[in-house]
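Please take these sequences and the hints and turn them into a complete structure.
Just so you know, the sequences run in chain order A and B.
Counting from 1, one number per residue, gives the positions in the first sequence under this note's numbering.
Counting from 1, one number per residue, gives the positions in the second sequence under this note's numbering.
No wet-lab data here; the hints were simulated from the structure.
Every residue, glycine too, gets a C-beta built ideally from N, C-alpha and C.
Treat each hint with caution, since some may be false.
Simulated restraints on C-beta separations [as the list claims (entries may be wrong)]:
#, chain 1, residue 1, chain 2, residue 2, range
1, B, 22, A, 64, 33 to 41 Å
2, B, 310, A, 68, 30 to 38 Å
3, A, 41, B, 164, 39 to 47 Å
4, A, 10, B, 86, 23 to 31 Å
5, A, 9, B, 275, 31 to 39 Å
6, B, 132, A, 68, 51 to 59 Å
7, B, 4, A, 51, 39 to 47 Å
8, B, 169, A, 22, 24 to 32 Å
9, A, 9, B, 47, 46 to 54 Å
10, A, 41, B, 6, 29 to 37 Å
11, A, 8, B, 238, 19 to 27 Å
12, B, 121, A, 109, 17 to 25 Å
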Amino acid sequence: MPMTQEPNIEAITVDQLRDKVRALREQGMRLVQISATRLPDAMELTYSFDLNDCLTNLRLFLPGEDTVLPSISEIFGCAILYENEIHDLFDVRVDGLTVDFKGNLYTTSVKYPFGSTKSPCPTPEPAPAANP
Amino acid sequence: MSRTVIPFGPQHPVLPEPVHLDLVVEDEKVIEARPSIGFIHRGLEKLVEKKDYVEFVYVAERVCGICSFIHGQTYCQAIETIMDVKVPPRALYLRTVWGELSRIHSHLLWLGLMADAMGFESLFMHAWRVREKILNIVEATTGGRVIFGSCKIGGVRRDIEADMIKSILKDLDGIEKDMRDITKVFMDDHSVKARMCGVGVLSKQDAYDLGCVGPMLRASGVAQDMRRLGYAAFSDIPVEPVVRTEGDSYARCAVRCEELFQSVQIIREAFGKIPGGEIAVKVTGNPNGETITRTEQPRGEVIYHIKANATKNLQRFRVRTPTFANLPAMLSVLPGCDLADVPIIVLTIDPCISCTER
Numbered sequence: 001m002p003m004t005q006e007p008n009i010e011a012i013t014v015d016q017l018r019d020k021v022r023a024l025r026e027q028g029m030r031l032v033q034i035s036a037t038r039l040p041d042a043m044e045l046t047y048s049f050d051l052n053d054c055l056t057n058l059r060l061f062l063p064g065e066d067t068v069l070p071s072i073s074e075i076f077g078c079a080i081l082y083e084n085e086i087h088d089l090f091d092v093r094v095d096g097l098t099v100d101f102k103g104n105l106y107t108t109s110v111k112y113p114f115g116s117t118k119s120p121c122p123t124p125e126p127a128p129a130a131n132p
Numbered sequence: 001m002s003r004t005v006i007p008f009g010p011q012h013p014v015l016p017e018p019v020h021l022d023l024v025v026e027d028e029k030v031i032e033a034r035p036s037i038g039f040i041h042r043g044l045e046k047l048v049e050k051k052d053y054v055e056f057v058y059v060a061e062r063v064c065g066i067c068s069f070i071h072g073q074t075y076c077q078a079i080e081t082i083m084d085v086k087v088p089p090r091a092l093y094l095r096t097v098w099g100e101l102s103r104i105h106s107h108l109l110w111l112g113l114m115a116d117a118m119g120f121e122s123l124f125m126h127a128w129r130v131r132e133k134i135l136n137i138v139e140a141t142t143g144g145r146v147i148f149g150s151c152k153i154g155g156v157r158r159d160i161e162a163d164m165i166k167s168i169l170k171d172l173d174g175i176e177k178d179m180r181d182i183t184k185v186f187m188d189d190h191s192v193k194a195r196m197c198g199v200g201v202l203s204k205q206d207a208y209d210l211g212c213v214g215p216m217l218r219a220s221g222v223a224q225d226m227r228r229l230g231y232a233a234f235s236d237i238p239v240e241p242v243v244r245t246e247g248d249s250y251a252r253c254a255v256r257c258e259e260l261f262q263s264v265q266i267i268r269e270a271f272g273k274i275p276g277g278e279i280a281v282k283v284t285g286n287p288n289g290e291t292i293t294r295t296e297q298p299r300g301e302v303i304y305h306i307k308a309n310a311t312k313n314l315q316r317f318r319v320r321t322p323t324f325a326n327l328p329a330m331l332s333v334l335p336g337c338d339l340a341d342v343p344i345i346v347l348t349i350d351p352c353i354s355c356t357e358r
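Following this line, the structure appears as structure tokens:
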């Protein structure tokens, strides 16, 4: 059984996303998560797939505020929740969603609570507690 | 025939937590289910910017009120992977025991809720009566009943002494007998079977394609269980996934029933093999790196994606909970079912909405 939990991440471009995901689907992989991280100058997206308990990850960067993320929901139907979530929390425009909640998946009191792509990345307040 | 839209939730007697479905029905047949979630989004992932990585163990444990321990454990495992911390073997065994106690009490809670949804009140009370005995063990060993608070980065906070182990093993004999009685009713009772057999059938291919996890996936014939990755003491205690092939609500119930006894067996084996020694190592410095860690919650695979940049605040903390992964499958099996079966089908994914919305 595989013991490692270190991520095995392949960097790709936005244009390659759908072809890469389609190829993984044809290998029999399942989509296990899509994770977004807001960096100071870009949005980082990590797609994780599993086959026989081994993870394969794809990583891409969305550089500007107008960049559109192509949806993979035609390839993996369950991607709709991840992609709608990324839109609602991070203000990332997703193109080609098979089910688009149009910003209504999450009912949050603050719009785009994890930071909009159209506003500068806030500097987090440092934690008050000291480390061990 | 004209169509009617019936709102189901977010507040509904059968739902312990808020999720809303607009059910499009023709007569009493469901044609379509449109979901709305997000009523209790708490933004816990964002809180990582305010809390340092050590404090954040407490937040991770509070992602869910049922499987709190395994959330804390998964978070600690992720940080330990990044910082290359070698956790003492005894602590790994103790984590395994608490994780399995957590699974038993979660499954018993679910069985009680399912009995309640079917109107079988005495069965509901029996299931929760037995669950109480598990919670008593948890309280005796950790001091908590819902939030265990016993996992920390580098090990665990509390040990379980030999006398206590003996007492727990004795209690487990009685609990196992009680669980046999309860699960026999769930598996054999005519009215229970009439409510669950053939209801909400999910094929093996659909379960896999829709990204299902946990009992929902295993009940459709896919042998997947993250404990086989060998985290905690599972490299010494092999786990064979409990699998059924029917894919219906009865099969999902059967998988959970059988997993109760599997967990008791794992606890016995863990106590039989538990090594002596330290229960924690000191951890210093700040994490720097990235990891994706997976464990098996009672509801299925949970994923923690953590990024750290050598400061005391993590750069990203992302959790994909099992219920989040099971929602698409729930929506796919609702069309075609009777309106009266909707509560049963919704419950068989064991929905935990607050941990889904984090």
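Self-check item: Non-conforming hints, listed in increasing numerical order
Solution: 3, 8, 9, 10, 12
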